[in-house]
Structures are given as structure tokens and as C-alpha cells.
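Chains as they are written, first to last, in my numbering: chain P, 14 to 163; chain Z, 14 to 163.
Hints listed in this document are in silico derivations from the structure and should not be mistaken for laboratory results.
Heads up, a few of these hints could be off.
Pairs of lysine to aspartate or glutamate residues, derived as DMTMM-like cross-links and limited to a Cα-Cα distance of at most 25 Å, are as follows [what the hints assert, rightly or not]:
(1) Z:Lys56 <-> P:Glu85
(2) P:Lys151 <-> Z:Asp121
(3) Z:Lys56 <-> P:Asp121
(4) P:Lys151 <-> Z:Asp32
(5) P:Lys150 <-> P:Asp82
(6) Z:Lys150 <-> P:Asp82
(7) Z:Lys56 <-> P:Asp92
(8) P:Lys151 <-> P:Glu58
(9) P:Lys151 <-> Z:Asp131
(10) Z:Lys151 <-> P:Asp82
(11) Z:Lys150 <-> P:Glu73
(12) P:Lys150 <-> Z:Asp131
(13) P:Lys151 <-> Z:Glu73
(14) Z:Lys56 <-> Z:Asp32
(15) P:Lys150 <-> Z:Glu74
(16) P:Lys56 <-> Z:Asp92
(17) Z:Lys151 <-> P:Asp32
(18) Z:Lys151 <-> P:Glu58
(19) Z:Lys151 <-> P:Asp121
(20) Z:Lys150 <-> P:Asp131
(21) P:Lys56 <-> Z:Glu58
(22) P:Lys150 <-> Z:Glu85
(23) P:Lys56 <-> Z:Asp121
There are 2 protein chains.
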Amino acid sequence: MADKSTFVPVVAVALLGGDGRILLQKRRAGSVHGGLWEFPGGKIEPGESAEAAVIREISEELGVELAVDALEPVSFASDPVLPPAPRAPHVILLYACRHWRGEPRCLDGEAIAWFAPDAIAGLAMPPLDVPLAAALKKWILPLANPAARS
Amino acid sequence: MADKSTFVPVVAVALLGGDGRILLQKRRAGSVHGGLWEFPGGKIEPGESAEAAVIREISEELGVELAVDALEPVSFASDPVLPPAPRAPHVILLYACRHWRGEPRCLDGEAIAWFAPDAIAGLAMPPLDVPLAAALKKWILPLANPAARS
Numbered sequence: 014m015a016d017k018s019t020f021v022p023v024v025a026v027a028l029l030g031g032d033g034r035i036l037l038q039k040r041r042a043g044s045v046h047g048g049l050w051e052f053p054g055g056k057i058e059p060g061e062s063a064e065a066a067v068i069r070e071i072s073e074e075l076g077v078e079l080a081v082d083a084l085e086p087v088s089f090a091s092d093p094v095l096p097p098a099p100r101a102p103h104v105i106l107l108y109a110c111r112h113w114r115g116e117p118r119c120l121d122g123e124a125i126a127w128f129a130p131d132a133i134a135g136l137a138m139p140p141l142d143v144p145l146a147a148a149l150k151k152w153i154l155p156l157a158n159p160a161a162r163s
Numbered sequence: 014m015a016d017k018s019t020f021v022p023v024v025a026v027a028l029l030g031g032d033g034r035i036l037l038q039k040r041r042a043g044s045v046h047g048g049l050w051e052f053p054g055g056k057i058e059p060g061e062s063a064e065a066a067v068i069r070e071i072s073e074e075l076g077v078e079l080a081v082d083a084l085e086p087v088s089f090a091s092d093p094v095l096p097p098a099p100r101a102p103h104v105i106l107l108y109a110c111r112h113w114r115g116e117p118r119c120l121d122g123e124a125i126a127w128f129a130p131d132a133i134a135g136l137a138m139p140p141l142d143v144p145l146a147a148a149l150k151k152w153i154l155p156l157a158n159p160a161a162r163s
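Chain P on its own, in the form it takes in the complex (with noise of 0.2 Å):
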């Protein structure tokens, strides 16, 4: 994003292994957030696209090769409005996804790790981590029960 004035754009992504466990992200000790369990992921670059950006940002982080065919939005957080703010307002655009090629490796935080969904509430994650969390957990419902489906 060109204009400080405006959002910072954010994409992140749970990956879902097939025993239905969520891979996080410890940030590092020193950074903004640092010791929080978060969704990896990172800024969309100017002229990226979101899609796009998760595929570097997974690629760099987890060493993971993701498929765009394989990204599925969840859903988002924001900031809350009120100027003035400490930084520009963010935006995370949170996707899922279940296949990918590679093993996750810690390539840029201080810890991954895979945690069951009833799991992550007890975590201490950034801010809009904690709400990405619930939707994730909402959106996940309706796979494990398919009598929910309609």
C-alpha cells in the first residue's frame, strides 16, 4: 500500500491437516506481538494480489508450496475505525487450506505448531488473530457435521 493513510492489507492462512488440527505461527520474541500464536501470513505487497501474497508469504514462512485452486476465504478482521490510531488501520484477510506440497518448517517465527480447534481459544494471539480464531472455528462446523449442510 502506497498511502500510510489508508489500511494495511494482511493475508493469512490456516493450514487444516487431515486429523483436523490448525497449524499457528509463534511470532518472535522482540517483534510487534512477539510470544503470540498467530495465523502465518504477512502484507500483500503493491501489486500483488491476495491470493498471490499468501503463496509468498506460506513459501518464505513455512517453506510450503500452496495451489491458488486450493485457498479458500474464511473471513476477515479489521481494525477498529477511530482515528487517531498508533499505526495505519490492518486488515487480515484469513483463507484455509488443506492440501499443499512440502512439510510446514519454522522459517520465520519462533515456533509452529498444530493445534486441535478447541485449542486455540486458550492461546494468547494478537488481537485480530482472537476473532479470525472464532470464525475459523464456526466455519470448520459444518465439515465435521454434515447434517448442518444445506
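Got chain P sorted already, so can you dock chain Z onto it with the hints?
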């Protein structure tokens, strides 16, 4: 967005009536996607947060007043990635809203109307509104079926 090469951020809102119906707007004939039904909304202007853009657009298009804390993120839709594209890719953030001040009026589109969730799949909609409508239906589902909440 200053940079034409990056994506165009758009916000939209699904007003949810007390009877479970959803307000849609028909685009004016002659505009892009003229005659199709869409969620009302529009582009985020430079310097605007997503929520501020929703509030401004819905005031302009429907003449109703929304409160920030009544906006619930539902999902988003994104144009396919690959360049060259005939236009900068759009990303639409869809909010739901159950409470507003005023009676919606058609100030910008060709028409507005309330639709039952099951009726929306049969409407002609712009490409990115189609997955948003599907996501909204899935998002509404647990509300209609409290047993599916967890």
C-alpha cells in the same frame, strides 16, 4: 487505492431483516454488471478504514445509518489471481448488520428488495457476489440452528 497495479478494496453489507430476509440492490442498467443484484457497498477510499467506508456507502446508497459496532465480518471474495487482467483485481469484504437507523431507500441503484436466503442463489449476480452469498448463507446457518453452535 493509489496504485492501479494492486487490488481494489471494496466493502459490502448484508442488511439482515428481523424476518430473516436480506436486502440486495440491483445495479443500474448501463453500469458494469448493470441489472445484476448485489450486496450494497463500494470502494474503500484512500484514508478510510473498511468500517468507515461501509458506513459512508450505505448512507449514500440506502439513506440509513449504521453503527460501527453493529458490523459483523462475514467473509470476503477475491478476483482470480493471474495477470494480465482487464482491470485491477477486486477484493470485497462482506459485513452483516442486523440493526440500523432509518428505512432503506433506493438512492443509487435501480432497485432494492428483500430476499429470503434460499432465494438469492437464483438471482443473477456479479461474479464476486456469488461466493459472498454462499458464504453468508453458511454464516447465517448456525443462527437458525442453535444446536449447531458450539
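Results for each hint:
1. Z:Lys56 <-> P:Glu85: holds, 23 Å
2. P:Lys151 <-> Z:Asp121: Given that 25 Å is the threshold and the Cα spacing comes to 34 Å, the pair is violated.
3. Z:Lys56 <-> P:Asp121: violated, 34 Å
4. P:Lys151 <-> Z:Asp32: Cα-Cα ~23 Å, so holds.
5. P:Lys150 <-> P:Asp82: holds, 21 Å
6. Z:Lys150 <-> P:Asp82: holds, 22 Å
7. Z:Lys56 <-> P:Asp92: holds, 18 Å
8. P:Lys151 <-> P:Glu58: violated, 29 Å
9. P:Lys151 <-> Z:Asp131: It holds: about 20 Å lies between the C-alpha atoms, which stays within 25 Å.
10. Z:Lys151 <-> P:Asp82: Distance of about 20 Å is within 25 Å: holds.
11. Z:Lys150 <-> P:Glu73: violated, 35 Å
12. P:Lys150 <-> Z:Asp131: holds, 24 Å
13. P:Lys151 <-> Z:Glu73: Violated, at roughly 32 Å.
14. Z:Lys56 <-> Z:Asp32: Measuring from Cα to Cα gives roughly 29 Å; hence the hint is violated.
15. P:Lys150 <-> Z:Glu74: Given that 25 Å is the threshold and the Cα spacing comes to 34 Å, the pair is violated.
16. P:Lys56 <-> Z:Asp92: holds, 18 Å
17. Z:Lys151 <-> P:Asp32: holds, 23 Å
18. Z:Lys151 <-> P:Glu58: violated, 31 Å
19. Z:Lys151 <-> P:Asp121: Roughly 34 Å between the alpha carbons, so the hint for Z:Lys151 and P:Asp121 is violated.
20. Z:Lys150 <-> P:Asp131: holds, 24 Å
21. P:Lys56 <-> Z:Glu58: Given pair P:Lys56, Z:Glu58 holds - Cα atoms ~19 Å apart, limit 25 Å.
22. P:Lys150 <-> Z:Glu85: holds, 16 Å
23. P:Lys56 <-> Z:Asp121: Measuring from Cα to Cα gives roughly 34 Å; hence the hint is violated.
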